[in-house]
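Fit chain B to the given chain A structure using the hints.
Top line first, the protein sequences correspond to chains A and B. Counting from 21, one number per residue, gives the positions in the first sequence under the numbering used here. Counting from 45, one number per residue, gives the positions in the second sequence under the numbering used here.
The set of hints was computed from the structure by calculation and includes no laboratory data. Using N, Cα and C, we set each Cβ at its ideal position, and we do this for glycine too. Incorrect hints may appear among the rest.
Said to hold, decoys possible - Residues on chain A that point at chain B, a partial pick, calculated with CB under 7 Å:
id, residue
1, LYS23
2, ASP24
3, GLY44
4, SER45
5, SER49
6, VAL61
7, ASP106
Chain residues, written in single-letter form:
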Amino acid sequence: MKKDWPLWEVFVRSKNGLEHRHFGSLHASDAEMAIKNARDVYTRRKEGVSIWVVESKNIKASNPDDNTVLFDPADDKAYRHPTFYDLPDNVEHM
Amino acid sequence: MSSNEIKNLENIFNEKIARDEKIEPKDWMPEKYRKTHIRQISQHAHSEIVGMLPEGNWITRAPSLRRKVALLAKVQDEAGHGLYLYSACETLGISREELYDQLHTGKAKYSSIFNYPTLTWADIGAIGWLVDGAAIINQVPLCNTSFGPYARAMVRVCKEESFHQRQGYEIMMTLCNGTKEQKDMAQDALNRWWWPSLMMFGPTDDESTHTEQSMKWKLKRKTNDELRQQFVDQTVPQADILGLKVPDENLKYNNDTGHYDFGEIDWSEFWQVVKGHGKCNKERISARKNAWNNGKWVRDAALAYADKQESRKTKQAV
Numbered sequence: 021m022k023k024d025w026p027l028w029e030v031f032v033r034s035k036n037g038l039e040h041r042h043f044g045s046l047h048a049s050d051a052e053m054a055i056k057n058a059r060d061v062y063t064r065r066k067e068g069v070s071i072w073v074v075e076s077k078n079i080k081a082s083n084p085d086d087n088t089v090l091f092d093p094a095d096d097k098a099y100r101h102p103t104f105y106d107l108p109d110n111v112e113h114m
Numbered sequence: 045m046s047s048n049e050i051k052n053l054e055n056i057f058n059e060k061i062a063r064d065e066k067i068e069p070k071d072w073m074p075e076k077y078r079k080t081h082i083r084q085i086s087q088h089a090h091s092e093i094v095g096m097l098p099e100g101n102w103i104t105r106a107p108s109l110r111r112k113v114a115l116l117a118k119v120q121d122e123a124g125h126g127l128y129l130y131s132a133c134e135t136l137g138i139s140r141e142e143l144y145d146q147l148h149t150g151k152a153k154y155s156s157i158f159n160y161p162t163l164t165w166a167d168i169g170a171i172g173w174l175v176d177g178a179a180i181i182n183q184v185p186l187c188n189t190s191f192g193p194y195a196r197a198m199v200r201v202c203k204e205e206s207f208h209q210r211q212g213y214e215i216m217m218t219l220c221n222g223t224k225e226q227k228d229m230a231q232d233a234l235n236r237w238w239w240p241s242l243m244m245f246g247p248t249d250d251e252s253t254h255t256e257q258s259m260k261w262k263l264k265r266k267t268n269d270e271l272r273q274q275f276v277d278q279t280v281p282q283a284d285i286l287g288l289k290v291p292d293e294n295l296k297y298n299n300d301t302g303h304y305d306f307g308e309i310d311w312s313e314f315w316q317v318v319k320g321h322g323k324c325n326k327e328r329i330s331a332r333k334n335a336w337n338n339g340k341w342v343r344d345a346a347l348a349y350a351d352k353q354e355s356r357k358t359k360q361a362v
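Next comes chain A alone, as it looks inside the complex (with noise of 0.2 Å):
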């Protein structure tokens, strides 16, 4: 039977006070070997100080082709930001 190690993406934190960035993917037979082997290829200079790893098959992602439906409801939402509210010059610290 030809079975190939699955596939795990990998997350890093630069340092303590950033969130973890995704930083690619790997194959690795199990979530042990694979923190391992990201270790090796994705930290070799001090890049990070802790590293997630998660199997590629458990991310849902969401569809390009729905980006509309998802994301553009927020373009008419203008009152979201500061700006939007006029307020005289010499007010300050606001």
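Using the frame of chain A, we list chain B on its own:
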């Protein structure tokens, strides 16, 4: 999808690229864009992986511990670069297995430069200086290419590549400041690697079939000949500093153009090597195949272990 709808999607796609917007894996893309990217990114990944072989040849024979750790780190970087690129390529819907298979069966190409042998320690210097130097010139513009995962991989690759070139030049420097024998060795390495390095930029512009389309997709920002000229212009002064002679009787600085004129490249040699008749083509592919086949039991064992751990967890849960 009707042909009209596809035309429309293609227009939106082309406008996006013209605006310098990136294309991400799940976005609609023309089939030709997908195929061209799979071809180029995989070829690039294969080159990194096969590129470990000529240098790996010298790890055990590096002349000092300092040189040895540097070479080890460089070869490990090449492995890393191959992996960044394979994973970028897989986002286009091709599996790692298929990619390896294409390399092992000769369906996919890799850079011909790695089909030349590394005969002396000076070759390690020349590879770092010239081959990595040429690779940097080819790769820097790719950091801005239109396909997001490829561009991101290239940013990481380029950051790491400059140490490769510097360690190579330092090796050349040391040899050139050494005994006559050592300097001759450096000259001999330059003699053998100079022309193959110029060939790394690919056929001349009038022979290159993919250039126009690749320019549109920002897979290329400059033509092969422009990049080659840039390489010659920046490398010749570096050879002068080493006190080495570039093996080209026609090489001459042109005051009018501000560039070096250089001799004709032997394209018959280039095509010979591309077609598989270089000195090491067979050796390189068989080394890759052996590594893959002999590693099979390790891959299987790791999977069997993972399955066992998983089933143990399930049992404990019950």
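Each hint tested on the structure:
A cut of 7 Å between beta carbons decides the hint on LYS23 (chain A): the least distance to chain B is about 6 Å, and the hint holds. Interface hint at ASP24 (chain A): satisfied, since its Cβ lies 5 Å from the closest Cβ of chain B, which is below the 7 Å cut-off. Annotation: interface hint on GLY44 (chain A) holds; nearest CB of chain B at approximately 5 Å, less than 7 Å. Interface hint at SER45 (chain A): satisfied, since its Cβ lies 4 Å from the closest Cβ of chain B, which is below the 7 Å cut-off.
With a least beta-carbon distance of about 4 Å to chain B, the hint placing SER49 (chain A) at the interface is held under the 7 Å criterion. Among the interface hints, the one on VAL61 (chain A) holds; its C-beta lies about 5 Å from the nearest C-beta in chain B, closer than the 7 Å criterion. Restraint check, ASP106 (chain A) versus chain B: the minimum CB separation of about 32 Å is more than 7 Å; hint violated.
Taken one by one, the earlier hints fail for this structure only at number 7.
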